[in-house]
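> Sequence:
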Amino acid sequence: MSSLKSPLQSLYFSSAKPFHINTRTPALWRLLTTSCACSNPTPAENAHSDDFREPFPGLPDNFSGHTIEDTHLISRSSTASPTQVRQIHAQILRTGLCQFPYYRTKLLSLYANHRCFSDAKNILSFEPDIISFTTLINASSKFNDFDNILSVFSRMLKHGLFPDAHVLPSVIKACAGLLAVKIGKQVHGFSLASGISLDSFVQSSLVHFYVKCDELVDAHKLFDNMVERDVVSWSALAAGYARKGDAVNARKVFNEVKNLGFQPNTVSWNGMIAGFNRSGCFLDAVLMFQQMHKHGFKSDGTSISSVLPAIGDLGYLSSGTQVHGYVIKNSFAVDKCIVSALIDMYGKCGCALEMSLVLEDMGQVEVGACNALITGLARHGLVDKALGVFKELQGHFHRLSQIQAQDQLWPEHQLQA
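Take the sequence shown: its position 219, counting from 1, is numbered 219 in full-length UniProt numbering, and each next residue is one higher.
Treat the hints with care, as some may be off.
[Said to hold, decoys possible] Here are the simulated distance ranges between beta carbons:
no.: 1; residue 1: H295; residue 2: G350; range: 31 to 37 Å
no.: 2; residue 1: A193; residue 2: E228; range: 19 to 25 Å
no.: 3; residue 1: Q291; residue 2: E228; range: 26 to 32 Å
no.: 4; residue 1: E256; residue 2: G296; range: 16 to 22 Å
no.: 5; residue 1: T83; residue 2: H295; range: 50 to 56 Å
no.: 6; residue 1: G160; residue 2: R115; range: 41 to 47 Å
no.: 7; residue 1: K258; residue 2: S81; range: 46 to 52 Å
no.: 8; residue 1: C337; residue 2: A165; range: 33 to 39 Å
no.: 9; residue 1: V227; residue 2: G350; range: 30 to 36 Å
no.: 10; residue 1: D224; residue 2: F162; range: 27 to 33 Å
[Unchecked claim] Pairs of lysine to aspartate or glutamate, EDC-like flavour, derived with a Cα cap of 20 Å:
no.: 11; residue 1: K252; residue 2: E215
no.: 12; residue 1: K173; residue 2: D145
no.: 13; residue 1: K258; residue 2: D230
None of these hints come from the bench; they were simulated from the model. Source: prediction; values computed, not measured. Beta carbons are placed, not taken as given, at the ideal position from N, Cα and C, and that holds for glycine.
Let the hints inform the model, and build the full structure from the sequences given.
Spelled out as structure tokens, the structure:
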């Protein structure tokens, strides 16, 4: 049976005169020793076997072939449990491999995937470097662990390591999530001083940060000066104005940017509808929903569940029944949020029968829909009927008593009756 040889190994042993590599690395050493392990050595190979025994700088003395097999675990550890990751960590510490950035980064990723951030931070103390900090910050961002992001970022700065365009978007996202305006503005200032502010991802993150913190003037200025405007930042800015109840500027941004060649998508329309509804601009929300359909966009669960409360507050029963028909036609009737919104809409319009029918058509008892039904009945003076539904469903959901009692829809003594 012929031996298997890597191209590099074949080149080495086919040379009339052996060549030597001046710069030897652990990766090259692993490649050569692994290749040799896959083949039966020839006399020519044995003649040069001493070349493989020469030490490589930076490798521990006990870096044996058995250790190499153990370290291969890390490349197959994507499904490892936290306990198994700690075992791999212990093995890497024992063999001295933790001094190499590759293994530290791999361990950080594995710990972060299990949200074991305290274990991950212990690795940073070994030999802090920009790659390790970036890996942990971006992994924390994936889980929206904003406090951990700022903690690691602060530690990074204390070590004298400066963030780049790969780190700042995650840090800015954390500032937005925590509404940390002061810290976010400091990060913005750093990006300006370092020139990173010209990066499109950093600029987009900053726009979202200022919008989330209701700093719409700063968000608008930043958007106007963006190197590469995108539909995501534009949608966020327009939705921010809508959420704040500034219908004039919301429509102005939404229409002006369309004239620059940007085309809204479903997310853009949904942001405007939801924003208007939250700020109490119910008529604007309904009009935006109608325009969405006129422009050929189909409503999804988000847009429907956003416009139905506005329709209910306006008392537009005919519009509500049209949306209900659209829901049935497009098989949205099983969506829990939409069912709750439909019941709430009918309740605000005083249609007790329709509320009950929507819940029956759902085919299953769901706490949100039941709460909407009870609330709707009670608000329209049908306290006895609401109390009957409430008592009937108490056995299904223990949370109902807490939620409805807090709403104070009826006296407490009635709940205990």
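> State for each hint whether it applies.
Hint check results:
Distance hint for H295 and G350: a CB-CB separation of about 33 Å, consistent with the stated range 31 to 37 Å. Range check, A193 to E228: about 21 Å between beta-carbon atoms, so the 19 to 25 Å window is met. Between Q291 and E228 the C-beta distance comes to about 27 Å, which sits within the given range of 26 to 32 Å. The hinted window of 16 to 22 Å between E256 and G296 holds, with their beta carbons roughly 21 Å apart.
Range check, T83 to H295: Cβ separation about 54 Å, and the 50 to 56 Å hint holds. Our hint of 41 to 47 Å for G160 and R115 is violated, since their Cβ atoms are close to 28 Å apart. A hinted range of 46 to 52 Å for the beta carbons of K258 and S81 is consistent with their spacing of about 51 Å. At roughly 37 Å, the beta-carbon separation of C337 and A165 lies within the given 33 to 39 Å, and the hint holds.
For V227 paired with G350, a C-beta distance near 53 Å fails the hint of 30 to 36 Å. Taking the beta carbon of each, D224 and F162 are about 28 Å apart, inside 27 to 33 Å as hinted. Simply put, K252 and E215 have alpha-carbon atoms about 17 Å apart, close enough for the 20 Å limit, and the pair holds. Between K173 and D145 the alpha-carbon distance is near 10 Å, which keeps this suggested pair within the 20 Å criterion.
A C-alpha spacing of about 11 Å is found between K258 and D230, which places the hinted pair at or below 20 Å, so the restraint holds.
Checked against the numbered hints given earlier, the structure breaks hints 6 and 9 and satisfies all the rest.
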